[in-house]
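Enquirer: Chains as they are written, first to last, in this note's numbering: chain A, 124 to 548; chain B, 124 to 548.
No wet-lab data here; the hints were simulated from the structure.
A portion of the hints provided could be inaccurate.
[Unchecked claim] With a Cα cut of at most 35 Å, we get these calculated DSBU-like pairs of lysine-lysine:
1. B:K156 / A:K272
2. A:K217 / A:K451
3. A:K184 / B:K272
4. B:K273 / A:K184
5. B:K272 / A:K272
6. B:K272 / A:K273
7. B:K273 / A:K129
8. A:K217 / B:K451
9. A:K353 / B:K184
[Unchecked claim] To spell it out: a stretch of chain B is covered by chain A in this simulated footprint if at least three of its residues, at any positions, have a beta carbon under 8 Å from a beta carbon of chain A; those stretches are:
10. 202-214
11. 238-252
12. 296-310
13. 393-406
14. 478-488
[Stated by the list, open to error] Sample of chain A residues facing chain B (criterion: CB under 8 Å; computed from the structure):
15. H204
16. G211
17. L534
It should be emphasised that the depicted structure is a prediction, and the values quoted were computed from it without experimental measurement.
Think of the CB as a built atom: it goes at the ideal place given N, C-alpha and C, for glycine as much as any other residue.
Protein chains: 2
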Amino acid sequence: MSDISKLLARRERLLGPGMTTFYREPVHLVRGKGAYLWDADGNRFLDAYNNVAHVGHAHPKVVEAICAQSAVLNTHTRYLHEGILDYGERLTAKMTPELSSMIMVCTGSEANDIALRMGQAMTGKCGFIATDNTYHGNTALVSQMSSRKKPIGGYSQNVKQVPSPDSLRPLGGSPLAQAREFARHVNRAIEMFEEEGFGFAALILDPFFANEGFPDLPRGFLDPVAQVVKRAGGLVIADEVQPGFGRTGGHFWGYERVGLVPDVVTMGKPMGNGHPVAAVVARPEITAAFRGAFGYFNTFGGNPVSAAAAMAVLDVIEAEGLQENARKVGDYMLERLQAMTHPFIGEVRGDGLFLGVEFVSDGAMTPAGDFTENLVDEMRVNGILAGHTGRGGNVLKIRPPMCFSREDADLLVDTLETILAGTCA
Amino acid sequence: MSDISKLLARRERLLGPGMTTFYREPVHLVRGKGAYLWDADGNRFLDAYNNVAHVGHAHPKVVEAICAQSAVLNTHTRYLHEGILDYGERLTAKMTPELSSMIMVCTGSEANDIALRMGQAMTGKCGFIATDNTYHGNTALVSQMSSRKKPIGGYSQNVKQVPSPDSLRPLGGSPLAQAREFARHVNRAIEMFEEEGFGFAALILDPFFANEGFPDLPRGFLDPVAQVVKRAGGLVIADEVQPGFGRTGGHFWGYERVGLVPDVVTMGKPMGNGHPVAAVVARPEITAAFRGAFGYFNTFGGNPVSAAAAMAVLDVIEAEGLQENARKVGDYMLERLQAMTHPFIGEVRGDGLFLGVEFVSDGAMTPAGDFTENLVDEMRVNGILAGHTGRGGNVLKIRPPMCFSREDADLLVDTLETILAGTCA
Numbered sequence: 124m125s126d127i128s129k130l131l132a133r134r135e136r137l138l139g140p141g142m143t144t145f146y147r148e149p150v151h152l153v154r155g156k157g158a159y160l161w162d163a164d165g166n167r168f169l170d171a172y173n174n175v176a177h178v179g180h181a182h183p184k185v186v187e188a189i190c191a192q193s194a195v196l197n198t199h200t201r202y203l204h205e206g207i208l209d210y211g212e213r214l215t216a217k218m219t220p221e222l223s224s225m226i227m228v229c230t231g232s233e234a235n236d237i238a239l240r241m242g243q244a245m246t247g248k249c250g251f252i253a254t255d256n257t258y259h260g261n262t263a264l265v266s267q268m269s270s271r272k273k274p275i276g277g278y279s280q281n282v283k284q285v286p287s288p289d290s291l292r293p294l295g296g297s298p299l300a301q302a303r304e305f306a307r308h309v310n311r312a313i314e315m316f317e318e319e320g321f322g323f324a325a326l327i328l329d330p331f332f333a334n335e336g337f338p339d340l341p342r343g344f345l346d347p348v349a350q351v352v353k354r355a356g357g358l359v360i361a362d363e364v365q366p367g368f369g370r371t372g373g374h375f376w377g378y379e380r381v382g383l384v385p386d387v388v389t390m391g392k393p394m395g396n397g398h399p400v401a402a403v404v405a406r407p408e409i410t411a412a413f414r415g416a417f418g419y420f421n422t423f424g425g426n427p428v429s430a431a432a433a434m435a436v437l438d439v440i441e442a443e444g445l446q447e448n449a450r451k452v453g454d455y456m457l458e459r460l461q462a463m464t465h466p467f468i469g470e471v472r473g474d475g476l477f478l479g480v481e482f483v484s485d486g487a488m489t490p491a492g493d494f495t496e497n498l499v500d501e502m503r504v505n506g507i508l509a510g511h512t513g514r515g516g517n518v519l520k521i522r523p524p525m526c527f528s529r530e531d532a533d534l535l536v537d538t539l540e541t542i543l544a545g546t547c548a
Numbered sequence: 124m125s126d127i128s129k130l131l132a133r134r135e136r137l138l139g140p141g142m143t144t145f146y147r148e149p150v151h152l153v154r155g156k157g158a159y160l161w162d163a164d165g166n167r168f169l170d171a172y173n174n175v176a177h178v179g180h181a182h183p184k185v186v187e188a189i190c191a192q193s194a195v196l197n198t199h200t201r202y203l204h205e206g207i208l209d210y211g212e213r214l215t216a217k218m219t220p221e222l223s224s225m226i227m228v229c230t231g232s233e234a235n236d237i238a239l240r241m242g243q244a245m246t247g248k249c250g251f252i253a254t255d256n257t258y259h260g261n262t263a264l265v266s267q268m269s270s271r272k273k274p275i276g277g278y279s280q281n282v283k284q285v286p287s288p289d290s291l292r293p294l295g296g297s298p299l300a301q302a303r304e305f306a307r308h309v310n311r312a313i314e315m316f317e318e319e320g321f322g323f324a325a326l327i328l329d330p331f332f333a334n335e336g337f338p339d340l341p342r343g344f345l346d347p348v349a350q351v352v353k354r355a356g357g358l359v360i361a362d363e364v365q366p367g368f369g370r371t372g373g374h375f376w377g378y379e380r381v382g383l384v385p386d387v388v389t390m391g392k393p394m395g396n397g398h399p400v401a402a403v404v405a406r407p408e409i410t411a412a413f414r415g416a417f418g419y420f421n422t423f424g425g426n427p428v429s430a431a432a433a434m435a436v437l438d439v440i441e442a443e444g445l446q447e448n449a450r451k452v453g454d455y456m457l458e459r460l461q462a463m464t465h466p467f468i469g470e471v472r473g474d475g476l477f478l479g480v481e482f483v484s485d486g487a488m489t490p491a492g493d494f495t496e497n498l499v500d501e502m503r504v505n506g507i508l509a510g511h512t513g514r515g516g517n518v519l520k521i522r523p524p525m526c527f528s529r530e531d532a533d534l535l536v537d538t539l540e541t542i543l544a545g546t547c548a
């Protein structure tokens with residue numbers, strides 16, 4: 124039995140069936156550095172997928188911050204400590220001024236679980252709206268917003284899904300109509316909640332629509348929906364787990380990129396470069412209402428080590444100019460991706476170090492999901508770790524650590540071109 | 124403005140009002156070592172409260188494990204890695220053989236959120252039962268099991284609370300009747316769920332009843348309730364966040380101490396000595412049913428660093444004989460606490476390094492909550508960090524790091540005696 128088969132058997136036995144792995148041939152990783160990962164046989168992979176290792180795998184400054192603080196003190200926020208305060212001030216200084224209060228937790232799921240309840244606390248109502256091809260986390264409440272797997276007993280009656288925007292198949296039939304059409308769907312869901320007696324609490328969305336395949340949308344796209352939500356007295360929650368922390372290059376947050384001012388912002392994965400830390404940032408009256416209603420406390424949330432890890436990530440982003448790197452390398456890679464030719468390429472899109480290629484099998488824009496999955500597997504065989512996403516699984520997802528270089532971009536696109544050249548369309 | 128006032132003002136501004144601190148005079152901690160903590164003015168405190176720093180604050184072996192793994196690789200379980208498998212095999216080897224599968228997450232709240240849904244996945248039903256003076260975590264679902272703060276919109280209809288056991292005020296009026304009476308309440312709740320159409324999914328409880336004031340209960344106390352739950356086809360979830368990992372001295376798990384075989388076990392706080400790691404352990408068919416129903420994935424859960432931290436904690440418990448230390452020092456401290464005299468002492472109880480004194484103001488067993496709160500504040504002024512719990516807040520809670528020594532126990536009891544001698548009953 125090979126090493127891989129043995130590990131898979133141990134996983135199945137210990138972690139249960141259905142613990143999915145990436146790729147037809149799962150990867151057994153043992154080491155990481157910057158944008159590279161190595162498997163147990165010494166094979167090197169260019170990591171073009173993992174946003175968790177935001178500033179690069181095993182970044183020495185983040186490791187140092189974790190080690191230094193772990194060796195001194197790790198405790199909870201029922202004692203006073205400067206770590207969480209220094210971090211919170213630094214983080215909120217990077218946001219719209221009214222977003223000035225913060226709750227630190229451990230996972231993006233915990234952050235979204237709080238954000239939704241902030242909607243309840245502010246409105247006294249309980250209707251939630253999410254898009255129909257998304258994922259916001261794994262708690263019982265938050266998984267109700269997920270379209271990946273229908274929860275046992277079905278979706279709660281206080282959750283409604285609205286159609287996701289799409290660049291190749293725009294809502295309302297045209298890119299111009301799409302923003303209005305998206306807002307109309309949200310408005311209709313709000314009206315239904317009012318009719319049904321639930322009332323409307325909050326709309327949650329990723330302003331980059333990463334799980335929806337990050338459609339190409341104009342700045343201001345969310346203006347009509349933000350007006351609809353505001354008029355109804357609900358909250359807009361921006362889930363920045365994917366686009367946040369400078370990834371899109373031109374902006375530090377996905378909400379800035381589209382010109383939205385959300386009421387609540389949640390963040391997770393990239394925040395601690397792999398250390399389990401996440402946060403909710405909101406207007407102070409929202410945080411106060413939530414604390415008053417729920418008396419929330421999180422033992423590990425905002426502990427000195429988590430705060431130190433998160434602070435080091437902000438330090439490295441600034442010291443190494445990683446947002447600017449995302450913009451420059453992203454622009455370069457986008458240009459190279461756009462120059463590729465293949466009959467299945469439907470659209471090349473994205474921003475900064477969050478890029479993708481949507482593959483379609485015909486002029487009717489039929490998603491080429493199997494083709495894309497095979498492509499991603501071929502890339503893995505050729506030493507590049509990427510992913511695929513979108514409703515049809517037909518969008519190649521490139522979302523590497525932020526230290527991804529021009530040379531890394533060349534390696535990725537060269538490999539991709541070679542593989543595409545060998546595929547039959 | 125003093126340092127403390129400044130920190131409190133920053134907290135209020137940044138983290139929102141109502142972020143509670145411990146003690147009338149909050150403590151500004153800067154350093155920890157073993158069972159001791161130091162504040163910013165260099166004052167030393169004996170930590171008699173924090174079970175998170177299970178093997179001692181800033182334990183070098185745990186710090187080393189975290190640093191070593193962080194410097195090499197930190198990623199998620201969609202790649203293969205030995206860390207989670209080695210840990211899971213080691214952990215489940217310490218449990219009842221049928222409890223052989225594990226899901227790793229980041230917080231006890233996430234663990235309980237899964238455990239409850241395991242109940243749904245196994246039964247197809249959705250009624251949950253918890254005790255009426257408890258806390259199991261902070262997600263939207265799990266906070267429904269909490270009696271501390273009524274959720275907005277009230278408790279869900281699929282949640283019922285049953286009266287907590289108590290040693291001074293036993294259910295049914297006598298210690299002998301209590302086990303039967305507790306089971307009768309659970310049985311009645313199950314019948315009501317069936318009548319109402321929710322059906323019964325799971326009973327969740329801490330087998331040590333820590334938040335209920337850890338009443339003195341005989342081995343076998345939970346046998347009748349376990350039979351009732353089994354007969355109804357539901358699950359018993361044992362929340363080991365407080366009693367687990369050897370704390371009670373005689374047993375590694377609280378469920379073993381009382382002779383219960385649970386279907387699902389959850390753990391959190393002490394598991395990584397402060398690193399955010401938690402887990403659910405269950406019979407394999409339960410884990411399989413949950414995975415099949417929910418397709419759960421947790422990005423940070425079971426990452427190589429979290430697995431290394433958790434493994435180091437098990438190593439240290441064994442290498443330093445901390446379970447045995449808990450038994451020996453606990454027995455010694457219990458004896459010294461029992462020798463104290465004060466008219467308000469209602470009962471001295473607990474096990475291992477989880478001990479308490481229940482204070483009552485009269486023969487009718489009226490809880491002396493204010494008295495106990497003042498006592499805990501006086502202890503803090505005198506350099507001992509303890510807590511208080513129970514329905515009336517009148518149980519002094521002693522739950523120190525597991526390296527607590529005989530000398531530490533003497534310091535604690537001597538200080539307590541001096542303070543008690545100065546109080547008017």
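Enquirer: Now tell me, hint by hint, if it's right for this structure.
Expert: To see whether the hints hold, each was checked on the structure:
About 46 Å separates the Cα atoms of K156 (chain B) and K272 (chain A), which puts this hinted pair outside 35 Å; it is violated. Of the supplied pair hints, the one linking K217 (chain A) and K451 (chain A) holds, its CA atoms being roughly 21 Å apart against a limit of 35 Å. At most 35 Å may separate the alpha-carbon atoms for a hinted pair to count; K184 (chain A) and K272 (chain B) exceed this at roughly 41 Å. In summary, the hint linking K273 (chain B) to K184 (chain A) is not supported, as the alpha carbons are separated by about 43 Å, beyond the 35 Å threshold.
A distance of roughly 31 Å separates the Cα atoms of K272 (chain B) and K272 (chain A); the hinted pair therefore holds under the 35 Å criterion. Simply put, K272 (chain B) and K273 (chain A) have alpha-carbon atoms about 30 Å apart, close enough for the 35 Å limit, and the pair holds. With a C-alpha separation of about 48 Å, the suggested pair K273 (chain B) and K129 (chain A) falls outside the 35 Å cut-off, and the hint is violated. Proximity of K217 (chain A) to K451 (chain B) is assessed by CA-CA distance (about 52 Å); at most 35 Å being required, the pair is judged violated.
Taking the CA atoms of K353 (chain A) and K184 (chain B), the gap is about 52 Å. The hint is violated against a cut of 35 Å. For the segment 202-214 of chain B, the stated coverage by chain A is satisfied: 8 residues place a CB nearer than 8 Å to a CB of that chain, which reaches the threshold of 3. With 6 residues having a Cβ less than 8 Å from any Cβ of chain A, the segment 238-252 of chain B passes the three-residue criterion, so the hint holds. A count of 0 residues in the segment 296-310 of chain B with a Cβ less than 8 Å from any Cβ of chain A is obtained; the coverage claim is therefore unmet, three being the minimum.
Counting residues of the segment 393-406 of chain B whose beta carbon lies closer than 8 Å to any beta carbon of chain A gives 5, which meets the minimum of three for the stated coverage. Against chain A, the segment 478-488 of chain B contributes 0 residues with a C-beta closer than 8 Å to a partner C-beta. That does not satisfy the three-residue criterion, and the hint is violated. A cut of 8 Å between beta carbons decides the hint on H204 (chain A): the least distance to chain B is about 6 Å, and the hint holds. Contact between G211 (chain A) and chain B, as hinted, is supported at the beta carbon level, the nearest pair being about 5 Å apart and thus within 8 Å.
Taking 8 Å as the C-beta contact cut-off toward chain B, the hint placing L534 (chain A) at the interface is violated, the least distance being around 20 Å.
Checked against the numbered hints listed earlier, the structure breaks hints 1, 3, 4, 7, 8, 9, 12, 14, 17; every other hint is satisfied.
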